[in-house]
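Model the full assembly from the supplied sequences, consistent with the hints where possible.
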Amino acid sequence: MVRDTRGDLPFVMGDHAFTSRLIVGTGKYRTNDEMVTAIRASGAEMVTVAVRRVDLDRRREEGILHHLSPDEFFLLPNTAGCYTAEDALRYARLGRAAGLNDWVKLEVIGDERTLLPDTAATLAAAVELVADGFKVMAYTNDDLITAMRLEDAGCVAVMPLASPIGSGLGVVNPYYIREIKRRLTVPVIVDAGVGTASDACVTMEQGVDGVLMNTAIAAASDPVGMARAMKLAVLAGREAYLAGRMAAREIAVPSSPTTGMLDREHG
Amino acid sequence: MTVHSVSIVINGKSRTVRNGLTVADLLRDLELHPGMVVVERNRKILAREALQAIPVEEGDRIELVHFVGGG
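Chains as they are written, first to last, in the numbering used here: chain A, 4 to 270; chain B, 29 to 99.
None of the hints are false.
Once the Cα atoms are required to be at most 20 Å apart in a straight line, the calculated SDA-like pairs of lysine to any residue come out as:
id, chain 1, residue 1, chain 2, residue 2
1, B, Lys72, B, Ile36
2, A, Lys31, B, Val96
3, B, Lys41, A, Leu59
4, B, Lys72, B, Glu85
Hints are computed from structural coordinates only; laboratory data are not their basis.
Nothing here was measured: the structure is a model prediction, and the numbers come from that model.
So, in structure tokens, the structure goes:
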């Protein structure tokens, strides 16, 4: 029987089922209107936000809750910008105190130039946050061992990078991403490094459950157009993965029958 | 002698505010809606329901945070 792939199953994280496999950030947009329009165009259900001080002097930029409704999107607070487990715990708890949910995108950075994660600190923070009742989605390196430890720690999703945050370099190590997906039971979301639609498609073709991106959409010349492209690319990559690609070979194989040909003319 | 004002630090900046304020009063003076911010006082997160009962005291270090765009 021919399988109908139009009905990809939702993927489940924690106690939530998500239909869209694209998760998007809200940073770096030129205007709030453009951000909201782009996010809607992306079809994302889960959207990340950051915790920062209220600007008491200018108050020009209002909080993001003035623009994004928690009724329309699942808002995921992050711990972006934290360099220690202690700071990440503080930001996570401040985010939870906003009262939306008890989820957190855990991010503990170890190096300013690459923004690569401090995996030891990430793991330590994950253990504490899970014990404190958080649903933890952990940003991490494309390292299998750390990914397995984060799953053991009770994270609801493990999120290896495709390449450094904001780099747009795409998936630099598809084998590691595939192996992490093969070995983990919890959802694997590739977080960071996607630059354009083909990167998102290649990412999903590795078999992962989803992809999280921000800069690729926000920094495009036309963020709304790129958001639409990303939506389609994630769907295309997912369908291609489910469909199972042909084997690659470094020699041509004809697509049309080699029999039934007319006699060749000999000159 | 009655103390008329107290010195506190809000979001890293020193400020002088009237004595006898609650945290809820402080938010009102700053024109902030309690539902849109999270308050941390001396490294302890305050429950929204408790803001009206918690006094602002000399030397308090208060952080007022909210959600902004991020990835």
